[in-house]
Amino acid sequence: MAHNYSLAAAFLVCFFAATALQAKQNVQFAGIAFVGGLKDAEVTMPYVTKVLSDSKIRIANTELMKIVSKVDREDLVFLTGGEGGGSINSGSALATAVAISAESFRDNRTSFGNTLKLSLRAQILTFDFTNKRVISSFPVYSASVKSYNETTDMEALREELVVKTLINNDEDPGKSIFDKVGKKLETLKFKEGWKVYVQVRDVTVNPPAEEILKANNIPVDAYKSWLAAAFSSGLSDFHDIPVLPYTKGQALGAMRLRFDEGNDVSFSLPPADFAVDLVARGFGTKELGSTSATTTKTHGVGMEVGFSDVALGSLFSENMQMGRVVQYSKDAQVGEWPIYEEVQLVLITEFMGQLVKPDKKWMDRHLKTKSKYKEIVKQMKTIDKNIIQIIKGK
Amino acid sequence: MKMIDFGIGKSSVIGFFWVLVTGLLQTPLVHADTEWTQATVTKELSRKCNKGKPRSAADYQSALTEVKVAAIRTWGSQQSVATTNLLSSAESEILAELDTYLLNPFIRSDCDGKTFRLALKAEVNVAALNQLMARNAPAVEGPRSRMTAVFVARKQMSVKIYDDKVTKINQQTNISEAEQSADVSGESMSAVGTSTTTEKSVTGGSVEKKANKVLYSVFNSGALDAAVTENFSSYGFRVVDASQVAGRFPGFDLNAFADEFGVGDDLSPETKNAAFDAISGKIPLLVVATVDVLSSDIDPVNGNNIVYASVKAWVYRDDGLFFESVAAVAPIQMRGAGLNETAAETDALVKAAEAASKEIVDQLNSAGIR
Numbered sequence: 004m005a006h007n008y009s010l011a012a013a014f015l016v017c018f019f020a021a022t023a024l025q026a027k028q029n030v031q032f033a034g035i036a037f038v039g040g041l042k043d044a045e046v047t048m049p050y051v052t053k054v055l056s057d058s059k060i061r062i063a064n065t066e067l068m069k070i071v072s073k074v075d076r077e078d079l080v081f082l083t084g085g086e087g088g089g090s091i092n093s094g095s096a097l098a099t100a101v102a103i104s105a106e107s108f109r110d111n112r113t114s115f116g117n118t119l120k121l122s123l124r125a126q127i128l129t130f131d132f133t134n135k136r137v138i139s140s141f142p143v144y145s146a147s148v149k150s151y152n153e154t155t156d157m158e159a160l161r162e163e164l165v166v167k168t169l170i171n172n173d174e175d176p177g178k179s180i181f182d183k184v185g186k187k188l189e190t191l192k193f194k195e196g197w198k199v200y201v202q203v204r205d206v207t208v209n210p211p212a213e214e215i216l217k218a219n220n221i222p223v224d225a226y227k228s229w230l231a232a233a234f235s236s237g238l239s240d241f242h243d244i245p246v247l248p249y250t251k252g253q254a255l256g257a258m259r260l261r262f263d264e265g266n267d268v269s270f271s272l273p274p275a276d277f278a279v280d281l282v283a284r285g286f287g288t289k290e291l292g293s294t295s296a297t298t299t300k301t302h303g304v305g306m307e308v309g310f311s312d313v314a315l316g317s318l319f320s321e322n323m324q325m326g327r328v329v330q331y332s333k334d335a336q337v338g339e340w341p342i343y344e345e346v347q348l349v350l351i352t353e354f355m356g357q358l359v360k361p362d363k364k365w366m367d368r369h370l371k372t373k374s375k376y377k378e379i380v381k382q383m384k385t386i387d388k389n390i391i392q393i394i395k396g397k
Numbered sequence: 163m164k165m166i167d168f169g170i171g172k173s174s175v176i177g178f179f180w181v182l183v184t185g186l187l188q189t190p191l192v193h194a195d196t197e198w199t200q201a202t203v204t205k206e207l208s209r210k211c212n213k214g215k216p217r218s219a220a221d222y223q224s225a226l227t228e229v230k231v232a233a234i235r236t237w238g239s240q241q242s243v244a245t246t247n248l249l250s251s252a253e254s255e256i257l258a259e260l261d262t263y264l265l266n267p268f269i270r271s272d273c274d275g276k277t278f279r280l281a282l283k284a285e286v287n288v289a290a291l292n293q294l295m296a297r298n299a300p301a302v303e304g305p306r307s308r309m310t311a312v313f314v315a316r317k318q319m320s321v322k323i324y325d326d327k328v329t330k331i332n333q334q335t336n337i338s339e340a341e342q343s344a345d346v347s348g349e350s351m352s353a354v355g356t357s358t359t360t361e362k363s364v365t366g367g368s369v370e371k372k373a374n375k376v377l378y379s380v381f382n383s384g385a386l387d388a389a390v391t392e393n394f395s396s397y398g399f400r401v402v403d404a405s406q407v408a409g410r411f412p413g414f415d416l417n418a419f420a421d422e423f424g425v426g427d428d429l430s431p432e433t434k435n436a437a438f439d440a441i442s443g444k445i446p447l448l449v450v451a452t453v454d455v456l457s458s459d460i461d462p463v464n465g466n467n468i469v470y471a472s473v474k475a476w477v478y479r480d481d482g483l484f485f486e487s488v489a490a491v492a493p494i495q496m497r498g499a500g501l502n503e504t505a506a507e508t509d510a511l512v513k514a515a516e517a518a519s520k521e522i523v524d525q526l527n528s529a530g531i532r
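Residue numbers (the numbering used here), protein chains in the order written: chain U, 4 to 397; chain F, 163 to 532.
Some hints here could point you the wrong way.
One-sided excerpt, in silico: chain F residues whose CB lies under 10 Å from chain U [what the hints assert, rightly or not]:
hint	residue
1	E197
2	N266
3	S271
4	E285
Bear in mind the hints are in silico, worked out from the structure with no lab data behind them.
Keep in mind the model is a prediction, meaning the values are calculated, not measured.
A virtual CB, placed ideally from N, CA and C, is assigned to each residue, including glycine.
All chains, please: the whole structure from these sequences, using the hints.
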């Protein structure tokens, strides 16, 4: 009799274990990839590809896998050790990877000292690898700054910044791309059913803005990619929606990735239903006043943001601007560009908040428009209701 | 109460549970091909919209049907002519079951006064459309034509790259005034006198580029031949094995086919004409195709081998006097996967042959060739 009970108990344990495991969806974690294929990645991300060359990418992948394997979710489990979930024959179609899309170094020389800033952009891509098709793309951004002097080995500094920004930054824990990916994967929605997509379609730089870019040695195309990525990150982070990557200059509807083993794989991107068009209108600095020791300046950024339904046309288009007042020591020589960049990021983040909860004071201050407040609020609510909530499937 | 003993041991019970557990863990296979289509329609209504929608449900429904049809047609217009023709012939059935062929639709609309616009994006159910087109292919009464197909499998062996041929010119010419005016005014050679001469010095040259020469190794693939025969036979063609044709009709020289496709992308007129003469009046349809094995790779996600193959084909029909070209397949690339390179290569070859034979049959059906 006891023998029979133990058999029945074994059956129940196996049954519930199987049911519990069945309830969790398997998602193959494919590790690090580079956007743009081998040759493009080496040109557009020379230091990241150098740091992650040869066997080093495996070490980095191991670090990333450690972070990902700690992600504990009730709805799914990440397969990080080649458990077979990713095999075509096993039928698990969903996979995810961290695709690094851009590196950007900014050298800032001031009378206080010099700093080098690295910005890295990546996407958490979910794809159906059986059909080689991207299902969703969530942007991730991280930056690190380090001071240097004339004796610093600049190559070593750049490589150190790559490690700090991408893998692990002891001085600023939790801020590396890997840490952010781990955090994001805890809540990221994994479903095959994403079917509505938004994408930054176009970035235009007006002549006055182009002049400032030139004065600061910023290539126009690099800035366009930066602005598109910054806006995509803001939209995705604030509203928790996937945003298709900005693919200007790449094959339409396709995204090429280079994985660990050096293979290039082309994925198809779903067509965007909604588009964002951005215009960099200009950057300006004005002196507000000075004392014998200090100078007070305001740095302003102007941009135009447009949301459209790709099939039905424009839903929203407004000019906006933001300034920041900074007091400088008269002895100091400080580059303007890092401040413009910072102001633009703040403007983007605050604008995202306005889409959910419009504030008249904010609009009066930052929107340069002839439209009435009520009309703008209506348009903003349309973006939230007809784009963001629809993408979320609500 | 006594439990019934089924006469199985503990290990069998555990084995049964294991089967149950692993069975529950199996996830369904996903094999769908994803292609998207989009369309927008504009309708002028008789009355203004109410809350962004037409007042009449029938107006909305009619716009919805119209946009779905437009989406299918948009997708069809990007396919081959043969597929488009077959889609047209099956349109009534597509219209009756639009939702079977357009999956996961995303529909949105707007209305400005009496102008109503409806936009749709959807995934195309390619597999279902292919099945429908196969069902709607022109009915075959009785057996179809005899056909023989030569599918040559090739793998690039070497590429000979030629240097540019550079010709330098340094020439001095004495030309008369009359010659100059003749050049300028074409036919009017009524130049007067040659009293003055001009000395013209020409320096320069030309660079002649010669195309790279690709050498292939040609090989037999039983799987490829089987796939081709199976595909054409399934559409009713009476396929005669090419080696049997070569054995019975001298002039149909498979070795010449292999030799010539080993160094080029087409057959010489001599080989082609000899083959036509050999089968003239006996086998009315001849299919010639090359299937090239392209690059191989490792799938980064699952570690499987991947091989790409490219196929192109030509179809000739005996019209009694000549073999006219009745169908052609521009290069199609297919991806094969397998646990090793040989398996992946075979998979790619078979898929490429299937794609080409389906396109050939579609074109023959479309042209009414039995």
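Do the hints match the structure? See the list:
This hint holds: E197 of chain F has a C-beta 9 Å from the nearest C-beta of chain U, less than the 10 Å allowed. Restraint check, N266 of chain F versus chain U: the minimum CB separation of about 5 Å is within 10 Å; hint holds. Among the interface hints, the one on S271 of chain F holds; its C-beta lies about 8 Å from the nearest C-beta in chain U, closer than the 10 Å criterion. For the restraint placing E285 of chain F at the interface with chain U, the shortest Cβ-Cβ distance is roughly 8 Å, inside the 10 Å limit, so the hint holds.
The structure agrees with every numbered hint stated previously.
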